[in-house]
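K.L.:
Chains as they are written, first to last, in my numbering: chain C, 1 to 152; chain F, 1 to 171.
Keep in mind that the hints were calculated from the coordinates and are not lab data. Glycine included, every Cβ here is placed at the ideal spot set by N, Cα and C. A couple of the hints might just be wrong.
Facing chain C, a subset of chain F residues (Cβ under 8 Å, in silico) [what the hints assert, rightly or not]: (1) G146; (2) D148; (3) D160.
Cβ pair distances, simulated, as ranges [said to hold, decoys possible]: (4) F:M99 <-> C:A86: 28 to 38 Å; (5) C:K107 <-> F:N92: 19 to 29 Å; (6) F:D139 <-> C:K107: 21 to 31 Å; (7) F:R86 <-> C:A85: 46 to 56 Å; (8) F:L107 <-> C:R79: 54 to 64 Å; (9) F:S134 <-> C:S61: 27 to 37 Å; (10) F:L109 <-> C:K70: 53 to 63 Å.
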Amino acid sequence: MSVSRNNPPMNRYTVLVAALLFVSGGYVTAQADPISVQARLVLGTSKEQKDQMEVSAAIKSKLARVFKWKHYYELNSKRMNIADAATKSAKLSRAASIKVNNKKNGKVAVSLFSKGKMLVQKTQNLKPGSHMVLAGSTASDSAWFIVLSKSK
Amino acid sequence: MNENEIQLKIQALLDGELTGSEAEDLRARIETDDRLRELHARLTAVRGLMDGTELPRTLPLPGDFHWSQIAQAIEREDRETKRLARPVPRANWLLRWVMPLAGAACLVLLLTLQLNAPPDLGILLSSDHELELSDDEIDVMTYNTGDDAMSIVWLDYAIDLRPDTLQLWLD
Chain C
1 MSVSRNNPPM NRYTVLVAAL LFVSGGYVTA QADPISVQAR LVLGTSKEQK
51 DQMEVSAAIK SKLARVFKWK HYYELNSKRM NIADAATKSA KLSRAASIKV
101 NNKKNGKVAV SLFSKGKMLV QKTQNLKPGS HMVLAGSTAS DSAWFIVLSK
151 SK
Chain F
1 MNENEIQLKI QALLDGELTG SEAEDLRARI ETDDRLRELH ARLTAVRGLM
51 DGTELPRTLP LPGDFHWSQI AQAIEREDRE TKRLARPVPR ANWLLRWVMP
101 LAGAACLVLL LTLQLNAPPD LGILLSSDHE LELSDDEIDV MTYNTGDDAM
151 SIVWLDYAID LRPDTLQLWL D
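With the hints as extra help, turn the sequences into a complete structure.
P.N.:
Given below as structure tokens:
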């Protein structure tokens, strides 16, 4: 008398569990986490303005390393807590506003608007401690900066 | 010592079963006694003739040994049959069908997410920087610091930096 013995189901389940882990891992990494982005409107100028608040030393040193201006004043600051795959807007001045989109894989897409018209959109992987700067000149010998940084 | 004992002693000598002193004494007696010498020679000749002529004999197995082997084999078969015939628990049935379905659903979800990802239409600056301009009239320069701690997009465009009056009013 011979009794055929089925293969133990362990191998099949091991493969299935491994496949599920692989798939769920890919799904998790494809998702974005909620982020907190700080947007600062900064004026760079050579003239001292005592009535304005200076930007933080860390940002000032980074800007001064690249640009010629001696003084950097923070005109406005907005913090945005952005959920996964969500977009938030912030108005930084009478004409300038930004939209920040929390994309997957740690990327953020920042759109700059002036008087309601989009000027530029920059997408990059914004790491905590690094800054994305959108900047331009003004009519006088000064410059505007929108400095974006991501909290940890 | 009678004849039978003498014969057994000489046989023991030939088989190497006597101690050293007993063997020496007996050899001395064989040297001096013609009758013992003759008996020793005869037994030595018989021993030589019998060497290699004995047939091997195996011990017979008891009759119940084979029956016990058969009974153990039958019990083993019965246990194996009962184990395989045990009904499959409901949880195993669920695992057999639900897990592949769940895996397939996850794969479909992943593929759907990847297909729905928006296409990248911007300008590729480096490995993870993209720039999209809406106005070709605006001159743009980009700059990244060496340590990638700061990326700059410089626009030849002046924006109104005056504060928002509505916000001032709300503050």
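K.L.:
Check the following: the C-beta atoms of D139 of chain F and K107 of chain C are separated by a distance inside 21 to 31 Å.
P.N.:
holds (26 Å)
K.L.:
When you take the CB atoms of L109 of chain F and K70 of chain C, is the distance between them in 53 to 63 Å?
P.N.:
Roughly 54 Å apart at Cβ, these two residues keep to the hinted range, so it holds.
K.L.:
With 28 to 38 Å as the target window, see if M99 of chain F and A86 of chain C comply at their CB atoms.
P.N.:
The hinted range 28 to 38 Å holds for M99 of chain F and A86 of chain C, with Cβ atoms some 33 Å apart.
K.L.:
Can the suggested window of 54 to 64 Å be confirmed for the beta-carbon pair L107 of chain F and R79 of chain C?
P.N.:
violated (39 Å)
K.L.:
For R86 of chain F and A85 of chain C, compare the CB-CB distance with the range 46 to 56 Å and indicate the outcome.
P.N.:
holds (50 Å)
K.L.:
Given a hint of 19 to 29 Å, does the C-beta separation of K107 of chain C and N92 of chain F actually sit inside it?
P.N.:
Cβ of K107 of chain C to Cβ of N92 of chain F: about 44 Å, so the range 19 to 29 Å is violated.
K.L.:
Confirm or reject the claim that S134 of chain F and S61 of chain C have a C-beta distance inside 27 to 37 Å.
P.N.:
holds (32 Å)
K.L.:
The hint names D148 of chain F as touching chain C; please verify it with the least Cβ-Cβ distance against 8 Å.
P.N.:
holds (6 Å)
K.L.:
Should the interface hint for G146 of chain F be scored as holding, given a Cβ-Cβ cut-off of 8 Å against chain C?
P.N.:
G146 of chain F check fails; min Cβ-Cβ to chain C is 11 Å, beyond 8 Å.
K.L.:
Under 8 Å is the threshold here; is the Cβ of D160 of chain F close enough to any Cβ of chain C for the hint to stand?
P.N.:
Since chain C brings a Cβ to about 4 Å from D160 of chain F, closer than 8 Å, the hint holds.
Checked against the numbered hints listed earlier, the structure breaks hints 1, 5 and 8; every other hint is satisfied.
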